[in-house]
Each structure stands twice: as C-alpha cells, then as structure tokens.
Amino acid sequence: MAGELTLGSLFDGSGGFPLGGLLAGIRPVWSSEIEPFAIRVTTKRLPFVKHYGDIRELDGAKLEPVDILTMGSPCQDISIAGRREGLAGSRSGLFYEGIRIAEEMRRATHGSKSRYIVWENVYGAFSSNGGA
1 MAGELTLGSL FDGSGGFPLG GLLAGIRPVW SSEIEPFAIR VTTKRLPFVK
51 HYGDIRELDG AKLEPVDILT MGSPCQDISI AGRREGLAGS RSGLFYEGIR
101 IAEEMRRATH GSKSRYIVWE NVYGAFSSNG GA
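Heads up, the sequence shown is in UniProt numbering, so the first residue is 1 and it goes up one at a time.
Among the hints, erroneous ones may be present.
[Unchecked claim] Calculated pairs, EDC-like style, for lysine to aspartate or glutamate (alpha carbon to alpha carbon, straight line, at most 16 Å):
| no. | residue 1 | residue 2 |
| --- | --- | --- |
| 1 | Lys44 | Glu64 |
| 2 | Lys62 | Glu35 |
| 3 | Lys62 | Glu97 |
[Said to hold, decoys possible] Each pair of labels, with its calculated beta carbon distance range:
| no. | residue 1 | residue 2 | range |
| --- | --- | --- | --- |
| 4 | Arg107 | Phe37 | 28 to 36 Å |
| 5 | Gly20 | Lys50 | 24 to 32 Å |
| 6 | Arg56 | Gly25 | 25 to 33 Å |
| 7 | Asp54 | Ala108 | 32 to 40 Å |
| 8 | Ile117 | Lys62 | 23 to 31 Å |
| 9 | Glu104 | Lys44 | 13 to 21 Å |
| 10 | His110 | Lys44 | 19 to 27 Å |
| 11 | Ala61 | Leu5 | 16 to 24 Å |
Just so you know, these hints were derived from the structure itself, not from any lab.
Only a predicted model underlies this, so the values are computations on that prediction, with no experimental measurement involved.
Positions of the beta carbon are idealized from the N, C-alpha and C atoms, including for glycine.
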C-alpha cells in the first residue's frame, strides 16, 4: 500500500515493537532475535513477520529496507543493577551491531531507508561507564 510505513525489529524479544507498530498502522516486515521462546511467541502473534537469527550474522544491505528500524539491545552492562561497563560490555555492546545494520541499509538504499531508528533501553544507558 502506498504511503504505508514498514518496520524491522532488531533484538526483537517477544515482538513488542512489531505489535505496537501493527496497532498503529505500521507494517512489521522482519525481526532479529536469538531466543527460541521469544521467536515462538512472535511467530504465533505475527505469523507474517520474517524471522532472522543472530544480529551478528545479518547484512543490513541484504535485508528488506524498512522505514522504521527498532532495537532494544541487551541492557546488562548498562543497567544500574549490573556492572555498568557501558556499551564497551560484551552484551550491551551489541548495540553497535544494530548501528552497523542501520548503516549498511542506508548505504544500500542511498540514504533513503531506514528513515527512523528507535532505540529502547534502561535509564542507566546514559550514565554507565561515564556515559560511554
């Protein structure tokens, strides 16, 4: 449909961003997640969404371009309940994989997609490891 916004979800979990998008009239296209139970939940709720696995194995230039790229990268290293290693931590540092995907997609589409990037995370994301 012309004018329809599309959405791709990285670190998808159980599909909160795609479901919210769908309820707002946005078409979820694909997601990336590694947890089997979360993938089963999303597959049941949104059977038309294409599922990809580990974000580290994706190439943003080969994914279907989307208008909105969402990501809720792991929070363990940036949470006030964790060690506060920041984005330098092995888990929360996967944030940079999301940025890589976005950059690859933008290069492949000559800057037209994705138009919006939404990052969801914990409050401590901006204060852990000196804000780095």
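Outcome of the hint check:
| no. | hint | in the structure |
| --- | --- | --- |
| 1 | Lys44 x Glu64 | violated, 22 Å |
| 2 | Lys62 x Glu35 | violated, 22 Å |
| 3 | Lys62 x Glu97 | holds, 15 Å |
| 4 | Arg107 x Phe37: 28 to 36 Å | holds, 34 Å |
| 5 | Gly20 x Lys50: 24 to 32 Å | violated, 18 Å |
| 6 | Arg56 x Gly25: 25 to 33 Å | holds, 32 Å |
| 7 | Asp54 x Ala108: 32 to 40 Å | violated, 20 Å |
| 8 | Ile117 x Lys62: 23 to 31 Å | violated, 18 Å |
| 9 | Glu104 x Lys44: 13 to 21 Å | violated, 30 Å |
| 10 | His110 x Lys44: 19 to 27 Å | violated, 37 Å |
| 11 | Ala61 x Leu5: 16 to 24 Å | holds, 21 Å |
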